[in-house]
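Protein chains: 2
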Amino acid sequence: MSEKLNLQPLSGMPEWPPAAQLIFERWKQTVRESYGLFGYTPLETPTIERAEVLMAKAGASTGKQIYRFAKGETQLALRFDLTVPLARFVALHQNELAFPFRRQAIGPVFRGERAQMGRFREFYQADADIIGRGSLSSSADAEILALAAQTVKRLELGSFQLQISNRKIVMGFLSALKVMDQKAIIQLLDDADKIGPKKLQEELRLLRLDTFEIRKITKFAQIHGNFHQVSQLLLRLDVDNALFNEGLEELHRLSQHLEALRLDPAEYQFNMGIIRGLDYYTGMIYETILLDHVSLGSICSGGRYDNLVGNYGKTKMPGVGCSIGLTRLLAQALAAGLVSLEQKTISQVVVVPLTAQLDHLHDIVNALRQSGIATEVYLEAGGMKKALKHAADLGVAYALIIGDDELAQKKLSLKNLVTGAQESLNLAQVINTLQS
Amino acid sequence: MSEKLNLQPLSGMPEWPPAAQLIFERWKQTVRESYGLFGYTPLETPTIERAEVLMAKAGASTGKQIYRFAKGETQLALRFDLTVPLARFVALHQNELAFPFRRQAIGPVFRGERAQMGRFREFYQADADIIGRGSLSSSADAEILALAAQTVKRLELGSFQLQISNRKIVMGFLSALKVMDQKAIIQLLDDADKIGPKKLQEELRLLRLDTFEIRKITKFAQIHGNFHQVSQLLLRLDVDNALFNEGLEELHRLSQHLEALRLDPAEYQFNMGIIRGLDYYTGMIYETILLDHVSLGSICSGGRYDNLVGNYGKTKMPGVGCSIGLTRLLAQALAAGLVSLEQKTISQVVVVPLTAQLDHLHDIVNALRQSGIATEVYLEAGGMKKALKHAADLGVAYALIIGDDELAQKKLSLKNLVTGAQESLNLAQVINTLQS
Chain A
1 MSEKLNLQPL
11 SGMPEWPPAA
21 QLIFERWKQT
31 VRESYGLFGY
41 TPLETPTIER
51 AEVLMAKAGA
61 STGKQIYRFA
71 KGETQLALRF
81 DLTVPLARFV
91 ALHQNELAFP
101 FRRQAIGPVF
111 RGERAQMGRF
121 REFYQADADI
131 IGRGSLSSSA
141 DAEILALAAQ
151 TVKRLELGSF
161 QLQISNRKIV
171 MGFLSALKVM
181 DQKAIIQLLD
191 DADKIGPKKL
201 QEELRLLRLD
211 TFEIRKITKF
221 AQIHGNFHQV
231 SQLLLRLDVD
241 NALFNEGLEE
251 LHRLSQHLEA
261 LRLDPAEYQF
271 NMGIIRGLDY
281 YTGMIYETIL
291 LDHVSLGSIC
301 SGGRYDNLVG
311 NYGKTKMPGV
321 GCSIGLTRLL
331 AQALAAGLVS
341 LEQKTISQVV
351 VVPLTAQLDH
361 LHDIVNALRQ
371 SGIATEVYLE
381 AGGMKKALKH
391 AADLGVAYAL
401 IIGDDELAQK
411 KLSLKNLVTG
421 AQESLNLAQV
431 INTLQS
Chain B
437 MSEKLNLQPL
447 SGMPEWPPAA
457 QLIFERWKQT
467 VRESYGLFGY
477 TPLETPTIER
487 AEVLMAKAGA
497 STGKQIYRFA
507 KGETQLALRF
517 DLTVPLARFV
527 ALHQNELAFP
537 FRRQAIGPVF
547 RGERAQMGRF
557 REFYQADADI
567 IGRGSLSSSA
577 DAEILALAAQ
587 TVKRLELGSF
597 QLQISNRKIV
607 MGFLSALKVM
617 DQKAIIQLLD
627 DADKIGPKKL
637 QEELRLLRLD
647 TFEIRKITKF
657 AQIHGNFHQV
667 SQLLLRLDVD
677 NALFNEGLEE
687 LHRLSQHLEA
697 LRLDPAEYQF
707 NMGIIRGLDY
717 YTGMIYETIL
727 LDHVSLGSIC
737 SGGRYDNLVG
747 NYGKTKMPGV
757 GCSIGLTRLL
767 AQALAAGLVS
777 LEQKTISQVV
787 VVPLTAQLDH
797 LHDIVNALRQ
807 SGIATEVYLE
817 AGGMKKALKH
827 AADLGVAYAL
837 IIGDDELAQK
847 KLSLKNLVTG
857 AQESLNLAQV
867 INTLQS
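For the record, the sequence lines run as chains A and B. So that you can map any letter, position 82 of the first sequence is 82 in our numbering, and since no number is skipped, the others follow by simple counting. Just so we're on the same page, our numbering is the position in the second sequence counted from 1, plus 436.
Bear in mind the hints are in silico, worked out from the structure with no lab data behind them. Ideal placement from N, C-alpha and C gives every residue a C-beta, glycine not left out. Careful, some of the hints might be misleading.
Straight-line Cα separation of at most 25 Å, SDA-like style, residue types lysine to any residue; simulated pairs [stated by the list, open to error]: (1) B:Lys440 <-> B:Glu461; (2) B:Lys589 <-> B:Lys614; (3) B:Lys440 <-> A:Gly225; (4) A:Lys178 <-> A:Arg154; (5) B:Lys655 <-> B:Ser691; (6) B:Lys750 <-> A:Pro9; (7) B:Lys821 <-> A:Thr315; (8) A:Lys314 <-> B:Ser571; (9) B:Lys464 <-> A:Ser371; (10) B:Lys464 <-> A:Gly107; (11) A:Lys153 <-> B:Trp452; (12) B:Lys825 <-> B:Lys464; (13) B:Lys825 <-> A:Thr315; (14) A:Lys28 <-> B:Gln779; (15) A:Lys153 <-> A:Lys219; (16) A:Lys183 <-> A:Lys216; (17) B:Lys500 <-> B:His529; (18) A:Lys314 <-> B:Pro453; (19) A:Lys410 <-> A:Asp393; (20) A:Lys389 <-> A:Pro42; (21) B:Lys464 <-> A:Arg154; (22) A:Lys4 <-> A:Pro17; (23) B:Lys500 <-> B:Ile542; (24) A:Lys4 <-> B:Thr498; (25) A:Lys411 <-> B:Lys500; (26) B:Lys614 <-> B:Ile650; (27) B:Lys500 <-> A:Thr211; (28) A:Lys410 <-> A:Ala428; (29) B:Lys822 <-> A:Pro42; (30) A:Lys316 <-> B:Thr498; (31) A:Lys28 <-> A:Lys71; (32) A:Lys385 <-> B:Ser571; (33) A:Lys183 <-> A:Arg154; (34) A:Lys199 <-> A:Gln229.
Among the chain B residues that face chain A by a calculated CB cut under 10 Å, a handful are [unchecked claim]: (35) Ser574; (36) Thr654; (37) Gln658; (38) Leu790; (39) Ile809.
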């Protein structure tokens with residue numbers, strides 16, 4: 001075989017070493033369970049979709065990033081998110097599903113972006129969405145926020161805060177200002193954190209906004225706090241617009257819902273600076289920041305989309321959802337030291353066989369595994385020394401030494417590889433120690 | 437949006453309805469845990485690989501099936517199995533990994549085959565492999581078989597049997613026969629079940645084998661039983677070949693290992709009809725059949741490959757592995773009635789809110805979720821009748837009715853939707869009932 005083969009994974013497509021992958025697996029499991037406790041059922045759609053189905057929903061910038069290829073006469077594409085395939089699935093199966101339809105999906109999506117720090121071309125999203133048929137109660141918005149807060153809490157990344165807004169307020173505010181090109185302004189506001197206030201003002205001026213309008217927009221985007229504070233500040237803006245008022249009314253109802261859901265007031269606030277770039281949001285929108293690591297940006301975000309699914313069919317099918325970019329989050333958490341790499345294996349113990357009585361040895365190994373203890377047996381030659389070195393290389397906390405003496409006395413030698421201490425224990429005691 | 441969009445998933449790319457997906461999720465979890473108990477650590481490699489890396493390992497027939505495309509100047513391809521990416525990863529990271537390296541991987545792979553019943557273009561494989569550096573004990577072969585047996589047992593698909601052979605015996609036997617084109621014969625023997633004995637004989641004749649040789653080959657492929665029976669029959673073939681003898685010696689040692697591992701003798705046999713089509717196997721090979729559903733073919737297979745990883749680098753890195761084709765297995769199990777579709781949701785209970793005291797309602801809901809009970813709240817308008825119909829549509833066993841009376845009396849109404857019985861219980865009793 002040629003030795004010139006490049007064995008590195010492609011740029012922007014991460015593969016984690018075992019220690020990091022173990023954290024990633026734990027996170028996937030945590031999110032899966034958390035979404036499940038709210039009744040969001042797993043659904044998987046194919047990685048490959050018809051290109052025309054994805055293109056119909058991709059905005060201009062996403063469209064350019066889609067991996068496309070042909071097989072025979074069919075134009076194929078790799079999914080760029082999990083929401084568009086959900087919309088297709090729900091439109092296709094609307095007569096078989098029970099609505100509201102709650103689903104979760106955790107899997108890789110693909111975007112051919114210019115690879116850079118924090119940007120991936122293949123990355124996991126972990127989504128939960130609820131879709132109604134004909135209508136969907138505004139309580140669903142509150143449920144999604146409660147689910148997001150609960151799930152982020154379970155990831156144990158420190159204190160966090162949901163930042164909540166409403167697209168109707170944003171759009172109503174801009175309409176009342178009578179500015180042109182609302183889409184461009186929204187894009188700029190969404191990027192405000194990245195480009196900074198100076199650049200934002202310059203760009204807004206390029207859109208031919210006057211000083212008064214720019215001041216008003218900047219002031220609007222800085223409004224944040226609890227509902228009472230935010231609504232007071234919004235009312236002072238004197239906006240005369242029906243959509244704005246509708247959004248404010250929704251925000252009010254949402255704030256009451258969140259109180260009833262017993263959300264910790266420290267874990268959310270309303271923030272008019274939250275915009276969300278995607279076109280399809282129509283109501284509540286939110287992002288989530290880690291309070292001690294604000295620079296990581298949003299780690300969990302989403303919102304209400306009343307027309308995404310309906311566009312594929314005739315029935316109105318409003319939805320609201322939540323998405324965690326797990327791959328990006330792991331890369332950031334590792335870089336920020338928010339998680340630490342510990343062992344390189346799923347094993348809890350390495351068994352060191354120093355006996356030819358393999359049947360008795362395996363009775364013990366089988367008993368450990370039946371007790372739910374992940375057990376690796378060192379099968380290679382080299383005796384105790386090599387086996388213990390292997391266990392240390394893996395970062396496992398315990399080695400269980402089984403020789404003829406141990407089998408005769410029914411006492412096994414359990415060595416704590418962190419402290420170096422070694423105990424002589426019977427099987428039940430070994431299991432107890434390893435389970436605790 | 438155009439209504440002409442084809443919303444069906446692409447041919448050969450399954451998406452399961454929620455009830456089937458729930459089984460699939462349970463299986464993935466079962467396999468993940470089972471592999472984990474043997475110390476096989478999760479590893480994920482990207483879906484997309486450099487085309488040249490995959491092509492270097494794909495046989496002629498697999499090569500044609502690879503999904504390839506270009507992004508800029510890079511030739512990309514979707515992985516067609518999980519073993520080749522493992523080989524690349526191990527060759528790349530051999531200085532950071534601890535050997536023997538045990539890893540599991542569960543994920544989709546892609547093959548542009550002609551789609552037909554039981555053949556998929558995107559399908560899950562669930563693999564466990566152990567790779568040595570320089571050498572790998574033959575005990576690893578036995579461990580993989582024990583892991584395979586344990587995992588298939590946990591899937592609860594009825595009685596099964598591992599069918600075990602050794603490539604050295606097969607190759608040694610064919611070498612001793614001095615037949616040309618061993619690869620073509622191996623391919624035919626591997627297909628023997630599909631094409632039937634008559635067609636097999638015809639095809640062998642086309643390869644210019646004489647009647648004596650064909651009889652001997654047919655007889656060889658029919659040898660099966662325990663080690664004693666198989667070795668007697670093999671010795672009677674009078675094969676004078678060193679590789680053959682080496683294979684027989686390996687089979688002997690393996691049979692001793694399997695006894696020590698306490699494998700149930702009913703759950704495995706040696707069978708010279710097992711060939712495995714893939715080029716890279718060099719020693720032990722095996723397949724697994726369901727004894728009551730032999731027509732499903734092998735549901736779990738693998739073997740020893742001494743040169744696959746080493747080919748990417750300089751060091752010899754022998755490996756042995758196990759693979760379950762989960763997608764194909766689910767399709768077959770559904771068709772054969774081996775699994776039954778029950779509920780359409782992960783939820784264990786649907787809460788029916790008949791009160792405006794949402795805070796008290798959510799205290800109860802939060803308590804259920806904290807007890808690990810997947811709880812869906814019916815948030816839409818329509819009252820009891822619509823909520824109970826929704827719960828019935830989902831196939832959930834219980835509905836929990838919470839009205840003002842229930843809150844005042846601290847007694848909740850738990851309705852069993854299967855029997856129709858309704859009980860008045862306090863929260864602790866509700867949790868007990870739902871947990872059992």
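We went through each hint and held it up to the structure:
1. B:Lys440 <-> B:Glu461: violated, 33 Å
2. B:Lys589 <-> B:Lys614: violated, 41 Å
3. B:Lys440 <-> A:Gly225: violated, 46 Å
4. A:Lys178 <-> A:Arg154: violated, 44 Å
5. B:Lys655 <-> B:Ser691: Roughly 22 Å separates the two Cα atoms, so the pair holds.
6. B:Lys750 <-> A:Pro9: holds, 19 Å
7. B:Lys821 <-> A:Thr315: holds, 23 Å
8. A:Lys314 <-> B:Ser571: violated, 63 Å
9. B:Lys464 <-> A:Ser371: Holds. Lys464 (chain B) to Ser371 (chain A) sits at ~20 Å (cutoff 25 Å).
10. B:Lys464 <-> A:Gly107: holds, 14 Å
11. A:Lys153 <-> B:Trp452: This hinted pair is violated, its Cα atoms lying about 31 Å apart.
12. B:Lys825 <-> B:Lys464: violated, 31 Å
13. B:Lys825 <-> A:Thr315: With a Cα-Cα distance of about 21 Å, the restraint between Lys825 (chain B) and Thr315 (chain A) holds, given a limit of 25 Å.
14. A:Lys28 <-> B:Gln779: OK: Lys28 (chain A) and Gln779 (chain B) at ~23 Å, within 25 Å.
15. A:Lys153 <-> A:Lys219: violated, 31 Å
16. A:Lys183 <-> A:Lys216: holds, 17 Å
17. B:Lys500 <-> B:His529: violated, 29 Å
18. A:Lys314 <-> B:Pro453: Roughly 22 Å separates the two Cα atoms, so the pair holds.
19. A:Lys410 <-> A:Asp393: violated, 29 Å
20. A:Lys389 <-> A:Pro42: Given that 25 Å is the threshold and the Cα spacing comes to 41 Å, the pair is violated.
21. B:Lys464 <-> A:Arg154: holds, 22 Å
22. A:Lys4 <-> A:Pro17: holds, 23 Å
23. B:Lys500 <-> B:Ile542: This hinted pair holds, its Cα atoms lying about 24 Å apart.
24. A:Lys4 <-> B:Thr498: holds, 22 Å
25. A:Lys411 <-> B:Lys500: violated, 58 Å
26. B:Lys614 <-> B:Ile650: With Cα atoms ~13 Å apart, Lys614 (chain B) and Ile650 (chain B) stay inside 25 Å; holds.
27. B:Lys500 <-> A:Thr211: The given pair, whose Cα atoms are some 63 Å apart, is violated under the 25 Å limit.
28. A:Lys410 <-> A:Ala428: holds, 11 Å
29. B:Lys822 <-> A:Pro42: Holds, because 24 Å separates the two Cα atoms, which is no more than 25 Å.
30. A:Lys316 <-> B:Thr498: violated, 45 Å
31. A:Lys28 <-> A:Lys71: Outside the cut-off at roughly 32 Å; violated.
32. A:Lys385 <-> B:Ser571: holds, 18 Å
33. A:Lys183 <-> A:Arg154: Given pair Lys183 (chain A), Arg154 (chain A) is violated - Cα atoms ~36 Å apart, limit 25 Å.
34. A:Lys199 <-> A:Gln229: violated, 28 Å
35. Ser574: holds, 9 Å
36. Thr654: violated, 36 Å
37. Gln658: violated, 32 Å
38. Leu790: Cβ of Leu790 (chain B) sits 14 Å from chain A, so the hint is violated.
39. Ile809: holds, 8 Å
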